[in-house]
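K.L.:
Sequence:
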Amino acid sequence: MTMNIKSRILLSAVALQLIGFAVLIYRNNAHITDTVVADSHRQFQQSLTMAVQHFDDSSDRMQRMAAGLARSGELLHQQRQLLSRSALENQSRQLLLRTFDDFDQAIGGGIWFEPFALKPDLRYFGPYVYHSPDNGLQFSWELSNADYDYHNQAWYQQALPPGWDRRINRSSAFYWTAPYIDQAGSESLMMTVDALMYDSNQTLIGMSTVDWSLQRARNYVKQLAPTANSRSFMFHADSRLSVLDNGQAEFATLDTPEQWQQPLLKMSPGQVQHLDVNTDTPSYIYAAMTQTGFVVGFSVPRRDLLAAAENYSAPTLPMSALIAALFAGAMLLILRLLFGPFDTILALLRSTIASNKDSTAIEVRPISYRGRNEFAPIVSTFNTLVEQVQSYNEELNATNTALLEQQQQVQELNSNLEQKVAQRTRELEQKSNEALESLHQLKLTQNQLVHMEKHAALGDMVAGLAHEINTPLGIGVTAVSALEDYLEELKSQYQQEQLSKTGLKDFINFAEESIDITSENLRRAADMVSRFKQVAVDQASEQRRDFEVGDYLQSIASSLRPNYKYRPIKVEFDVPDKIIVASYPGALAQVITNLMMNSLTHAFDPEQSGHIRIHASRQDDTLMIRYCDDGKGMEAEVLQRLYEPFFTTRKGKGGSGLGAHIIHNLVTGQLHGRIEVESTVGQGTCFHIYLPCSPPGPGL
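Counting in the numbering used here, the sequence shown runs from 1 upward without gaps.
Quick caveat, the hints were computed from the structure, so don't treat them as lab data. Model, not experiment: these values are computed from the prediction. Mixed in with the good hints there might be a few duds.
[As the list claims (entries may be wrong)] Derived CB-CB ranges, DEER-like:
1) Lys119 <-> Gln262: 24 to 34 Å
2) Leu16 <-> Arg365: 36 to 46 Å
3) Arg303 <-> Ile19: 25 to 35 Å
4) Asp620 <-> Thr668: 13 to 23 Å
5) Pro162 <-> Asp620: 35 to 45 Å
6) Arg93 <-> His274: 46 to 56 Å
[Said to hold, decoys possible] Computed list of lysine to aspartate or glutamate pairs in EDC-like fashion (alpha-carbon distance at most 16 Å, straight line):
7) Lys501 <-> Glu489
8) Lys578 <-> Asp551
9) Lys632 <-> Asp605
10) Lys570 <-> Glu607
11) Lys565 <-> Asp605
12) Lys505 <-> Glu489
13) Lys491 <-> Asp506
14) Lys578 <-> Asp630
15) Lys578 <-> Asp605
16) Lys632 <-> Glu607
17) Lys578 <-> Asp546
18) Lys119 <-> Glu89
19) Lys578 <-> Glu607
20) Lys565 <-> Asp506
21) Lys119 <-> Glu74
22) Lys119 <-> Asp199
23) Lys632 <-> Glu678
24) Lys570 <-> Asp621
25) Lys570 <-> Asp605
Where a beta carbon is used, it is the ideal one built from N, C-alpha and C, also for glycine.
With the hints as constraints, model all of the structure from the sequences given.
P.N.:
Here it is as structure tokens:
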């Protein structure tokens, strides 16, 4: 069954109202819960702050007592020459009994002198008092003997470790031991604070101690638990003893701290921390650290705080539900009153439309409504709209007639348009074919220019080599000519029987020198020809072979030497020996040649001095070549267009614009590598080339 719009609006309004109340109730309860939990957190932290203050006040009092005993012990030391041993012992007894008489948390303490500090014959002088459960405050010398040897006890060495130079002051005035269980009879959990004593020369003479019973502190911690299911705890960062209110044992061994205890052991004194622990029973942990290293606190199950929050929010639920029900009833009544006139208007609107069974036309008639409410203007507007619709229908009929006539004209125009489109398509195909042919010719021309550029570079190398070879060959010819002249002169002397032993010896020396000069220069010429031959053959054949990088780069530079021989430019190499690669030496030669010619042409003026540095190294299967010059450098816009074909900054001055383009194509194509360039105006240019030591063959 499909609901009408009135029912949908009614149900939607009621549903939205109920959803709104539900969200409001939920947010209100959540706010109450958050507020209760936040207030609980704040109260718990305040109680822990007070507990820490309580602990610290007690420990401060212990320290003050220890400091007072230490000052009294220093006075005894000052009077040691004036008093007998019995007088010293009597004053020590009265001092300790008076000090420990009015504070039962201090269950014991004493004044302990260094060996022979008080009297030359006294190795042990350690008066001690303690609270006896049966007899009250008791004085004793039982610990002042060699059997106990208090100088080697852990509580004594806490403040005065073995080997410490007694002439040097310690860094602290007080030293606390870790908590421990008294094994002397009381079986109490206790801590001891040590206060140091010094003579007039600030030399250590011993210490005073106060033993602090932690019984009252333990009871105080047990009372911190705020709820019935809470558990209080108390443990020390430097002790294995832990006091837990778990209903089983007062003392537990803290061999391995639990996960929730580990961050608490890292707190600073006075710091209060709140943890949310997800264990079998999710709980909130509240803890603080005292200045003596105790961590005190309690854990509160999360359900306890949530139960407290529910107690606050429970009374709001019935009241909220009642308000929601009353509001929903009021909405139903209001909507019913609002939709009554709407039903009347809807019936009148339906009666105005009468369908004609013989045609598709719809007749719309004005309605008559005599009510005086908010629907009267709507009825008046509807009647005005009916008049406009009737007028529009008449105009629409006239427009349809004109539209049919225009449609016929459009069909005739479409027929002519198809013929024109076919003609334009044929013309466009012809232009496209012409453009493709022009592009093909352009690529052929570009390839020819690239080959011409490569052969032109090879021709320059041939011309330079010929000029370079003339020098050693000329020296060799001059040496041979001089040897021929000397030989004719020797022959003439021999024929005239004027040849002497000295003349023959001079001729032999001259002949040896001439032969050495001729041989050396012929070897130089042969080496130049061999190096050029290898480079030229590599560039012409483009075959892959094994070659040694350093020697090959030297050969390339040698073949180009005529181009910079008479210019103040130095070419330097930094290439380790025995870098063998299996690649395309011709392509590499073309790359280095173009780089050097670009530097000689663009980077340096004719009389400008400079350096060209070539460094090569191998890392794994990659050959890295760095080519740098310290010439003019390139601007940013030139650097961006460096590899574009036919782009040159020497247009009209002999530059073809193909050098860098050929370099890029050879490195990324035939050599299967990559090239990077960096340049700064006035500082020079560097090319970084990365090549595989064994690139794939052609077609791979």
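K.L.:
Take the hints in turn and mark each one as holding or not.
P.N.:
Status of each hint after checking the structure:
no. : hint                          : in the structure
1   : Lys119 <-> Gln262: 24 to 34 Å : violated (51 Å)
2   : Leu16 <-> Arg365: 36 to 46 Å  : holds (38 Å)
3   : Arg303 <-> Ile19: 25 to 35 Å  : holds (29 Å)
4   : Asp620 <-> Thr668: 13 to 23 Å : holds (20 Å)
5   : Pro162 <-> Asp620: 35 to 45 Å : violated (59 Å)
6   : Arg93 <-> His274: 46 to 56 Å  : holds (50 Å)
7   : Lys501 <-> Glu489             : holds (15 Å)
8   : Lys578 <-> Asp551             : holds (9 Å)
9   : Lys632 <-> Asp605             : holds (9 Å)
10  : Lys570 <-> Glu607             : holds (13 Å)
11  : Lys565 <-> Asp605             : holds (15 Å)
12  : Lys505 <-> Glu489             : holds (14 Å)
13  : Lys491 <-> Asp506             : holds (14 Å)
14  : Lys578 <-> Asp630             : violated (28 Å)
15  : Lys578 <-> Asp605             : violated (36 Å)
16  : Lys632 <-> Glu607             : holds (13 Å)
17  : Lys578 <-> Asp546             : holds (12 Å)
18  : Lys119 <-> Glu89              : holds (12 Å)
19  : Lys578 <-> Glu607             : violated (36 Å)
20  : Lys565 <-> Asp506             : violated (37 Å)
21  : Lys119 <-> Glu74              : holds (14 Å)
22  : Lys119 <-> Asp199             : holds (14 Å)
23  : Lys632 <-> Glu678             : holds (13 Å)
24  : Lys570 <-> Asp621             : violated (31 Å)
25  : Lys570 <-> Asp605             : holds (14 Å)
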